[in-house]
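In case it helps, UniProt numbering puts the sequence shown at residues 1 to 253.
It should be emphasised that the hints constitute simulated quantities derived from the structure, not laboratory data.
Quick caveat, the model's predicted, so the values are computed rather than measured.
Worth double-checking, as some hints may not be accurate.
Stated by the list, open to error - Pairs of lysine-lysine residues, derived as PhoX-like cross-links and limited to a Cα-Cα distance of at most 25 Å, are as follows:
{"hint": "1", "residue 1": "K230", "residue 2": "K76"}
{"hint": "2", "residue 1": "K237", "residue 2": "K9"}
{"hint": "3", "residue 1": "K9", "residue 2": "K76"}
{"hint": "4", "residue 1": "K230", "residue 2": "K9"}
Stated by the list, open to error - Simulated restraints, written as ranges between beta carbons of each label pair:
{"hint": "5", "residue 1": "H60", "residue 2": "G209", "range": "38 to 48 Å"}
{"hint": "6", "residue 1": "E173", "residue 2": "N210", "range": "17 to 27 Å"}
{"hint": "7", "residue 1": "S10", "residue 2": "S105", "range": "14 to 24 Å"}
{"hint": "8", "residue 1": "E250", "residue 2": "D66", "range": "13 to 23 Å"}
{"hint": "9", "residue 1": "N210", "residue 2": "N55", "range": "34 to 44 Å"}
{"hint": "10", "residue 1": "G81", "residue 2": "L158", "range": "35 to 45 Å"}
{"hint": "11", "residue 1": "D65", "residue 2": "N195", "range": "43 to 53 Å"}
Each residue gets a CB set at the ideal place from its N, CA and C atoms; glycine is no exception.
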Amino acid sequence: MTETTLFYKSHNPGGESILLIHGGFSDGSEWDGVWPLLAEHNYHLLLPDMPSHGNSVDIHPFEIDDTVRRLAALIKAEARGGLAHVVGISIGGHIAAALASQHPSYVLSLIVSGFNIFTPNLFTPVLPLFVYGVQRGSGFARQPFAEWDRFCRGLGSLALTRDVFNILISSRELQTIECRTLVVAATRPGVSADNIDHSRRLFETVVVGNGSQVVQHRGMRHPWNEEEPKVFADMVKRWIITQELPDGFEVIP
């Protein structure tokens with residue numbers, strides 16, 4: 001039986017490839033403000049819809065290892081030379097980090113923004129059902145950040161909600177990342193501020209001495225790829241060509 005492949009869009013083929021991995025309860029269109037700005041610099045953009053998301057909604061379940069396997073196959077088949085710079089945000093950052101760990105020979109460089117991971121507790125098993133029920137019953141728990149907004153617009157099933165929470169709330173061991181890596185925390189005060197300690201935790205898995213950095217931007221919120229696409233695209237371009245990051249980014253000690 002032939003396996004269903006991930007839906008993806010490919011823009012500007014021929015240039016060096018960048019794989020953009022979207023956040024939870026979203027799809028590749030999340031990058032519509034970013035990819036044209038990178039295409040202007042002759043990059044090839046690959047924009048997949050992850051399992052259970054967008055046009056890949058019929059691929060279940062949404063798990064890290066299965067998603068990584070599928071994205072590695074996409075890079076091998078469609079990226080120039082079977083290599084890509086990998087960029088992931090939020091849940092997509094978890095996938096991007098695992099992709100770089102499990103398939104280092106496919107990844108030229110890595111950018112992860114909005115990596116947050118929480119320790120399981122007594123309430124973890126019932127939390128997805130509670131959140132899903134509250135959302136479906138009323139707008140009571142609505143919060144102003146991207147994943148929640150998409151969820152409240154009906155872009156999350158109960159099964160996907162469980163899958164997302166299994167990634168976000170986990171005691172799994174993070175794997176070593178060998179490639180040059182930028183970890184970004186968007187720390188503008190508010191409910192959608194990224195956790196610096198979680199960014200540090202991911203950065204601790206990166207091999208030292210290859211120019212990797214962990215940084216924050218105090219003026220950006222968690223979904224800043226959608227809110228500030230020009231700054232995001234400029235950051236990606238500068239990281240790829242090893243230029244200094246745009247103003248506003250500061251190294252996290």
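Do the hints match the structure? See the list:
no.	hint	result
1	K230 x K76	29 Å, violated
2	K237 x K9	20 Å, holds
3	K9 x K76	15 Å, holds
4	K230 x K9	20 Å, holds
5	H60 x G209: 38 to 48 Å	40 Å, holds
6	E173 x N210: 17 to 27 Å	21 Å, holds
7	S10 x S105: 14 to 24 Å	21 Å, holds
8	E250 x D66: 13 to 23 Å	36 Å, violated
9	N210 x N55: 34 to 44 Å	36 Å, holds
10	G81 x L158: 35 to 45 Å	41 Å, holds
11	D65 x N195: 43 to 53 Å	24 Å, violated
Against the hints set out earlier in the document, violations occur for numbers 1, 8, 11.
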